[in-house]
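Asker: From first to last, the protein sequence lines are chains Y and C.
The first sequence begins at 6 in our numbering and counts up by one.
The second sequence begins at 6 in our numbering and counts up by one.
Everything labelled a hint here was simulated from the structure, so no lab data went into it.
Keep in mind that the hints are not guaranteed to be accurate.
As the list claims (entries may be wrong) - To give an idea of the chain Y side of the interface with chain C (calculated C-beta under 7 Å), a few residues:
#	residue
1	52
2	144
3	163
4	268
5	271
The beta carbon of each residue, even a glycine, is placed where N, CA and C say it ideally should be.
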Amino acid sequence: MIRRPSLAARLDSPRVLGYLLSVPAAIILLGLLAYPLLLGIWLSLTSATIGNPGQFVGLQNYATIFADPIFRGAAWYSVFYTICAEAGKLVLGLALALLLNQRFRGYRVSRALMLLPWVAPTVLSALAWLWLLDPQFSAVSWLLVRLHLIHSNIDFLGHPWSARMSLILVNIWRGLPYFAIGYLAGLQSISKDLYEAAAIDGAGGWQAFRRITWPLLMPITTILVAFSSIFTLTDFQLIWTITHGGPTDATQVFTTLAYQRAISGGQLGEGAAIAVSPIVIMIVLAFFVVRSVREK
Amino acid sequence: MPDRREFLISSAAGVGAAALSGSLPIAAFAAESPFKPEKGASLQLLRWTAFVKSDETVWDENTKKFTAATGVPVTIQNLTWNDVTPKAALAAQVGSGPDIVMGWNDDPFVYPDKLIDMTDLVDFMGKAHGGWYDNARSYCYDQDVKRWVAFPVGCTGNAVNYRKGWAKEAGFSEFPKDLDGMLKLARGLKKNGHPTGFALGHAVGDANSWTHWILWGFGGKQANPDNSIAINSSETNNALDYARQLYETMIDGVAGWDDSSNNKAFAAGLIGMTMNGISIWYAEKTADPALFPDFANATPPYGPVKTHTISNNFTSAYVFKYSKYPNAAKEYLRFMLDSPQADRWVTEMLGYVTPALKGYSDLPIWTSNPNITPYRDALAGAKYDGFNGRPGKAAAQALDEFVIVDMFADVCVNKMAPKDAMRKAEAKLAAIYKRA
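Sequences are here, hints too, so could you generate the full structure?
Answerer: Here you go:
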């Protein structure tokens, strides 16, 4: 007679225990990520409106939005916004990390303060920026006028390009700590021996950075850029609070346009199509993240 | 028993305190109600946060009176007014949330099938209070489902706000009655260092109000009665040309303005003229009592069409079908908009909301100060979103997407030729009306 293994013995098996332990995470992922994503994709293929499930319409919503100049403008600015903001955050974040990697008086406090823009609620910081960028009451303009650097207030949000660039600036400010803290962790994991060896061989600071620091920071750079790009491409609160997509739709992005069409306008199907459309870009970014993590 | 008119004249401002203290026989002024709350009913109301403190205070006190009279508790959630629309849409989608929503403009037309029929309440209140202004039907009667899907409350009326002293310096002892005169005044103000300020950003209330007023004032229309697009016209062209000239008198940065920007600029003395609800004027009473007499309000001047073409933010209350207590909800709305509750509500907030019921136009508060009177007339002759097309989903979406505002901004800020701006708006409207 064959005796069946006891429950305890089964749980001792790495295969059984492994699957068992991953069940809660799988349920959370399926419930909170996969279900909304699949529902969004399904809605984008229907004529659903608020309170009405609608009918399956195939790719009609996609055909409609791709023919819509406002959507094309929003798609263009979403990509432009993401590229500019990521470039700014990468360069400035790395510079900040290099600075904070030095030991100086108050360096611990400086590292903590650096995180403030990132941990502050986005809506609150966006409201503060709305005041800083106000055409009449901007503290930035006030200071520059008092310093005699400009003659009148800067119209940060009143023209398409100034509004676009202002939002990119605010996004860089908010996301900078994410890059800086990531790079700081990366810098601290680089062995000091490498720099000592380079110094003995006569390498200068720039050469050490180019030959040692940057190559060793590449894996973390990939992860930081990819994750941050996903956050930036799906940014909503900051843009909605400051410009509502204006002036003249100049700062519409995927998320603000999707919200406007789906929630305010009630066109759930079309709004879902707008929200789902950048998914291809995000899948590519996610691919780089996964590959980078595996290589590391 | 005094009739309603005698009561109002004799007690105007004191009505609230007396009613609240319980000394007024409330039932004596309320018509017999056909709406009987369900047993064990309780209600949740979602409404926009008041701009005038006394609005919220009196509304809450009247609600307590309702609870005392009927035993129906009412929970009120206040949200900033831009947030009411998405919250109500979410409730409609998931079938759960507040019983009653006090929302804006065409919101009820986005999900009419989810709302209970308000026809009986509308008929009852119309008969009791002298009938409804036309805007009530425009924003609350759905022509597709052929019933009243919302109960008209009123509008946060708009008027032109200006500084009397500066207008006099510019040669105008009285505010002009037509748009040509207003442009001359604006130029005079600008010349004297007091520019005008009208929002051209995505400011839901302030940008939509003045651009629609100018568009309609010149005879421009978004759509025809059959919902064919009518924006590309010589009338719209003239309106845009006028706006371009008015823009030259404006302070820098109006295209980046939100709904609070003109209030701040006007209070700070940076602009000499704007358009807003009465809150912008009333705020000065406490902010700067010495200068307060110089702040004035005027009925928006007429354009070439020579009639009122005011655009207001219309607020209505609607009840979702998922509510277990539709009768209690109707009785609550009847009670709140009936005398003496509404008398005191309108009086103490100095007419911030102009009721959609014509009977309230005889409240003494409207004539107690000439700066309040323009707001009494905010609904008389006011047009509606999507005019002259059919009110409904398409008009609601066009407003949400700032089509008219952006057309004006394209001409004024982006220096686009009016014909190109009209074509751009026409294409946007065609897409919206097609999908709606």
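Asker: Look at each hint and say if it fits the structure.
Answerer: The hints, checked one at a time:
no. : hint : result
1   : 52   : 9 Å, violated
2   : 144  : 14 Å, violated
3   : 163  : 4 Å, holds
4   : 268  : 5 Å, holds
5   : 271  : 4 Å, holds
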